[in-house]
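There are 2 protein chains.
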Amino acid sequence: MAPRSCPDPTCGIARSLDVLGERWALLVVRDAFFGTTRFSDFRASLGVSPDVLAARLASLVEVGVFERRSYREPGERERDEYLLTEAGRELVPVLAALGSWGGKHRPVEAGPRAAYRDGGSGDAVRLAFVTADGREVSPGDVTMTRSAGAAV
Amino acid sequence: MAPRSCPDPTCGIARSLDVLGERWALLVVRDAFFGTTRFSDFRASLGVSPDVLAARLASLVEVGVFERRSYREPGERERDEYLLTEAGRELVPVLAALGSWGGKHRPVEAGPRAAYRDGGSGDAVRLAFVTADGREVSPGDVTMTRSAGAAV
Chain Y
1 MAPRSCPDPT
11 CGIARSLDVL
21 GERWALLVVR
31 DAFFGTTRFS
41 DFRASLGVSP
51 DVLAARLASL
61 VEVGVFERRS
71 YREPGERERD
81 EYLLTEAGRE
91 LVPVLAALGS
101 WGGKHRPVEA
111 GPRAAYRDGG
121 SGDAVRLAFV
131 TADGREVSPG
141 DVTMTRSAGA
151 AV
Chain S
1001 MAPRSCPDPT
1011 CGIARSLDVL
1021 GERWALLVVR
1031 DAFFGTTRFS
1041 DFRASLGVSP
1051 DVLAARLASL
1061 VEVGVFERRS
1071 YREPGERERD
1081 EYLLTEAGRE
1091 LVPVLAALGS
1101 WGGKHRPVEA
1111 GPRAAYRDGG
1121 SGDAVRLAFV
1131 TADGREVSPG
1141 DVTMTRSAGA
1151 AV
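Protein sequence lines, in the order shown, are assigned to chains Y and S.
Oh and the first sequence: position 34 is 34 in my numbering, straight run, nothing missing.
Oh and the second sequence: position 6 is 1006 in my numbering, straight run, nothing missing.
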């Protein structure tokens, strides 16, 4: 997939958005975390057109977020399913950050929430900014600056 | 701004992407963290068309990420500048998560990186998943599930 024009091709945020910036791309990844693997199930969940969904899945395979694998149900033709790679599973902080912001700043009265847990212990986890010695810092207190050499 | 169609309007991820899902939206927010406030400076940094930039800024004002304020340089006409609100500043975890993923999975040989610090102490901070008692859990070990009542 050709990167879209951006005057700052070395910025990690811009490079992520090159492959994840389409709204449906991250919702496909969200559904994959919830266990969806099949085209028809992504489509039913998202209500997106087949063409758009196929394009998003192809892009996400190309950049290594999903791997495509064939499967065959008894009596049916071979189909593809889509499994998150390690790079795909490492998108969980992006989803957690978006979900947390939306829950606070785009609230609805009730509805499901995604729950994040340590897969080993089952303990609930949340996303936080921490210093090297483990002290937590509130997001509102965090500043973001360009490091030396930034060319934006 | 009318929300785009989504079968799951109560999902915080989907609601965030309703307002942030356009790629340029989050790059505008990134530049605002770096100190940009003026239309002409956003445009110079991003190389985006004036129409697209104006539409993104208007949306981001409407949803409360930016506030618009008038200023006037000596001898010039009044112009608008755009300042991050508290809700806008709370997007820093989204940017940090995207930047971290892009730095690892869409690497380039060299280039600027964003640096995140505690504005009070100046200590460097990074985004991490932590348990209630402060234990850090690797993103690759974090599972994401729908809470009870989820309707996706």
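Since the hints were derived computationally from the structure, they do not count as laboratory data.
Please note that the accuracy of each hint is not assured.
To be verified - Using 25 Å as the maximum straight-line C-alpha spacing, the simulated DMTMM-like pairs for lysine to aspartate or glutamate come out as follows:
#, chain 1, residue 1, chain 2, residue 2
1, S, LYS1104, Y, ASP41
2, S, LYS1104, Y, ASP31
3, Y, LYS104, S, GLU1022
4, Y, LYS104, S, ASP1031
5, Y, LYS104, Y, GLU86
6, S, LYS1104, Y, GLU109
7, S, LYS1104, Y, GLU76
8, Y, LYS104, Y, GLU136
Now the hints, each set against the structure:
1. S:LYS1104 / Y:ASP41: 30 Å, violated
2. S:LYS1104 / Y:ASP31: 23 Å, holds
3. Y:LYS104 / S:GLU1022: 20 Å, holds
4. Y:LYS104 / S:ASP1031: 23 Å, holds
5. Y:LYS104 / Y:GLU86: Distance of about 29 Å is beyond 25 Å: violated.
6. S:LYS1104 / Y:GLU109: 37 Å, violated
7. S:LYS1104 / Y:GLU76: 40 Å, violated
8. Y:LYS104 / Y:GLU136: It holds: about 19 Å lies between the C-alpha atoms, which stays within 25 Å.
This entry does not satisfy hints 1, 5, 6 and 7, going by the numbered hints stated previously.
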